[in-house]
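Number of protein chains: 2
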Amino acid sequence: MTAYDERLARVRDGMKAQGLATLILTPGAAMSYLTGFSEAGHERLIALIVPSTDARLFITPSLNAAQVRANPAGIGDVRVWDDAQGWESLLSEVIVDLTLDIGVVAVDDDMPARFALKIQQLMPTTPLRLASSAFAPLRAAKDTLELAALQHAADATDALIPVAFAACAAGATEMSVSLALQKALGEAGHESSFDSIVAAGQNGSSPHHHTGKTKMKTGDVVVLDFGARVEGYCGDITRVCALGKASDEARRVYDIVYRAHQAGVAAVDAGATAHDVDSAARRVIADAGYGEFFLHRTGHGIGLECHEAPNIVGGNRTPLQPGHCFSIEPGIYLPGKFGVRLENIVTVTESGSARVLNQAIPPELPIV
Amino acid sequence: MTAYDERLARVRDGMKAQGLATLILTPGAAMSYLTGFSEAGHERLIALIVPSTDARLFITPSLNAAQVRANPAGIGDVRVWDDAQGWESLLSEVIVDLTLDIGVVAVDDDMPARFALKIQQLMPTTPLRLASSAFAPLRAAKDTLELAALQHAADATDALIPVAFAACAAGATEMSVSLALQKALGEAGHESSFDSIVAAGQNGSSPHHHTGKTKMKTGDVVVLDFGARVEGYCGDITRVCALGKASDEARRVYDIVYRAHQAGVAAVDAGATAHDVDSAARRVIADAGYGEFFLHRTGHGIGLECHEAPNIVGGNRTPLQPGHCFSIEPGIYLPGKFGVRLENIVTVTESGSARVLNQAIPPELPIV
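Chains as they are written, first to last, in my numbering: chain E, 1 to 368; chain C, 1 to 368.
Take the hints with a grain of salt, since some may be wrong.
As the list claims (entries may be wrong) - Among the chain E residues that face chain C by a calculated CB cut under 7 angstroms, a handful are:
| id | residue |
| --- | --- |
| 1 | Ser52 |
| 2 | Thr53 |
| 3 | Gly186 |
Unchecked claim - Keeping only pairs whose Cα atoms sit at most 20 angstroms apart, straight-line, the calculated EDC-like set for lysine to aspartate or glutamate is:
| id | chain 1 | residue 1 | chain 2 | residue 2 |
| --- | --- | --- | --- | --- |
| 4 | E | Lys183 | C | Glu187 |
| 5 | E | Lys213 | C | Glu364 |
| 6 | E | Lys215 | C | Asp82 |
| 7 | E | Lys215 | C | Asp195 |
| 8 | C | Lys213 | E | Asp269 |
| 9 | C | Lys245 | C | Asp155 |
| 10 | E | Lys215 | C | Glu187 |
| 11 | C | Lys213 | E | Asp248 |
| 12 | C | Lys215 | E | Asp269 |
| 13 | E | Lys217 | C | Glu187 |
| 14 | E | Lys183 | C | Asp195 |
| 15 | E | Lys213 | C | Glu191 |
| 16 | C | Lys213 | E | Glu191 |
| 17 | C | Lys213 | E | Glu364 |
It is worth saying that the hints were derived from the structure and are not from the lab. All of these numbers come straight from a predicted model, not from anything done at the bench. Think of the CB as a built atom: it goes at the ideal place given N, C-alpha and C, for glycine as much as any other residue.
Sequences are here, hints too, so could you generate the full structure?
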């Protein structure tokens, strides 16, 4: 039994538990999890159809047929449509063939409405649900192969830290740091998990700043958020440095965020929930008087997707479980001044505590 | 009246014609078209809500509130949710406030099912449609500002041709060519329209090959497909070269694709349809005996999205109209050997003929 067969068997258990008769998955993490294959189809439908009992099959435009036929899971039933014919008639045939309109159909959470609404039109009386209900618990608890891939992604990401720090210099642009990261990634044979965020000075006060042409200057606090994707799995860390010198305020804020980060890691323990981890980190920042400047949740699950379950957020009472992997990334964002966010990826061990996949975060604001 | 107000007025005409009471748009081209703003919200809902009569408003997570408030269209009604509360309760309030559940609601074609299905749950009896029906004719016929942006994107893309050719050399990897393009783009202050495709030798026989670690060798035919995004609008061209020398077959296939491309451009004329342009290009390749190796449509519309209406495909009887912008990109893909695809962007002039936005394609296979 291959890893893909095992995952399929577990997903089918999940389908049964959720009352789902069929999955229709468009390219993305769920397709990748079940087949090792995913390829952006853009406005053309590529779909994996998984009936709860019958064999799986792919639908693909002719453009991608060769790639789909080479899917690592070895799924041989590949049905091809061409641009002149369109996909609706082929899917209609499959619906009739396999009586997919009987029972609940679950579609990929990321499926664009252009497909989801048309699928609903082709099966007007069939209830549509989200496929994540059959995947979420499985995909959140990583198996051995997945943990190995996440460690590789973390290692490849850590290897970029000196590259990022070396590229930060007065007069250099944010974009030049991002390009240095891109180049190092390419030379190592990896892709980026996401567009790197390089945010200098007051740009750092926007958590999702777009890396741009801003030139860094002495004294700037620089937020560096990047990750390597290895074997399909995402790395994701955030480091902060100051150029040449740092203000007392910058050092103080860094220290608070560092302690919040450590408190979050320490809160990962047998019986703890996602909520507990969020609270532990948040409390340190609130106690220091910066609560209103911590604008987001403490972390997010990570795996085939950069953001997936479990969500490390207030109110999420999901108990943490062995194999869960997530970021811990508290931050303080001071409008018009600077931002500090510190992020590592952790996994929950069999004993319930955290194992940190990345290098230790420097306890004091690094000056570069 | 700003450009955004004018577009809104025209989109509202489109809504009326299509019987749509409300648009709910997630980040993407339609949001950008109406507001100048778009920002990936990933699993968090950022939405622009456009009732046919009431004022527009934004829904945003707190994380993106500052960015949303700075929207170029100056939309001041920005309603904020936070991670602990979630977005459903806020949207429910807005639905009640504005009685959005009365009448047909159109959602963004790219809206992920995770949002579209929940929106349907919040308004179970409200019919959901695709918003593109209100946008497509407008967005396909570019206005003056858009044509200017597309010309800038084409110019910035053309400027990369010598960079790509210079990076192609025996022993260099596909990835190194892609990185050279990325670097030149970054230095010019632009983003990529899409991940560049660099496909050497037999990799070129897959139209959407992933740029990888393959090393090029003398005699390889290399497909180079890339584009710069400028002012939000996409450039997209494909050029082909051979390293050091070229086989007779490569020269012959290049010549056929070149003639197919020219035939496609010439077919753009008053009264012509998208189908006619596809047929003209396809006929040249079929007549040369390579019909079965031309795997895709002849082209795609381009604008805020790299692929949008009009689709230049057999069966699309849409008459071409002034302001339409699209690619003409016939190709021949010989499995195990190589591929050739030649692509420029054209726009339809007031007289109905094509104006080519890019540099002329070399009539003979360039040797680099």
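For each hint, the structure was consulted:
1. For serine 52 of chain E, the interface hint is violated, the least distance from its beta-carbon to any beta-carbon of chain C being 19 angstroms, above 7 angstroms.
2. Interface restraint check for threonine 53 of chain E: the shortest CB-CB distance to chain C comes to about 24 angstroms, outside 7 angstroms, so the restraint is violated.
3. Using the Cβ-Cβ criterion of 7 angstroms, the hint placing glycine 186 of chain E at the interface with chain C is satisfied: the shortest such distance is roughly 5 angstroms.
4. With a CA separation close to 14 angstroms, the supplied pair lysine 183 of chain E and glutamate 187 of chain C stays within the 20 angstroms bound.
5. Distance restraint check for lysine 213 of chain E and glutamate 364 of chain C: the Cα-Cα separation of roughly 39 angstroms exceeds the 20 angstroms cut-off, and the hinted pair is therefore not satisfied.
6. Between lysine 215 of chain E and aspartate 82 of chain C the alpha-carbon distance is near 32 angstroms, which puts this suggested pair outside the 20 angstroms criterion.
7. Taking the CA atoms of lysine 215 of chain E and aspartate 195 of chain C, the gap is near 26 angstroms; set against the 20 angstroms cutoff, the hint is violated.
8. For a cut-off of 20 angstroms, the pair hint linking lysine 213 of chain C to aspartate 269 of chain E is broken: about 42 angstroms separates their Cα positions.
9. Proximity of lysine 245 of chain C to aspartate 155 of chain C is assessed by CA-CA distance (about 29 angstroms); at most 20 angstroms being required, the pair is judged violated.
10. At roughly 13 angstroms between alpha-carbon atoms, lysine 215 of chain E and glutamate 187 of chain C fall within 20 angstroms of each other, so this suggested pair holds.
11. Our distance criterion of 20 angstroms between C-alpha atoms is broken by lysine 213 of chain C and aspartate 248 of chain E, whose separation comes to about 47 angstroms.
12. Of the pairs offered as hints, the one joining lysine 215 of chain C and aspartate 269 of chain E is violated, with about 48 angstroms between alpha carbons and a cut-off of 20 angstroms exceeded.
13. Our distance criterion of 20 angstroms between C-alpha atoms is met by lysine 217 of chain E and glutamate 187 of chain C, whose separation comes to about 19 angstroms.
14. For the given pair, lysine 183 of chain E sits about 15 angstroms from aspartate 195 of chain C by alpha-carbon distance, which is consistent with the 20 angstroms threshold.
15. Distance restraint check for lysine 213 of chain E and glutamate 191 of chain C: the Cα-Cα separation of roughly 12 angstroms lies within the 20 angstroms cut-off, and the hinted pair is therefore satisfied.
16. For a cut-off of 20 angstroms, the pair hint linking lysine 213 of chain C to glutamate 191 of chain E stands: about 12 angstroms separates their Cα positions.
17. As the CA atoms of lysine 213 of chain C and glutamate 364 of chain E are separated by approximately 39 angstroms, the hinted pair breaks the 20 angstroms bound.
Hint check: violations occur at hints 1, 2, 5, 6, 7, 8, 9, 11, 12 and 17; the rest are consistent with the structure.
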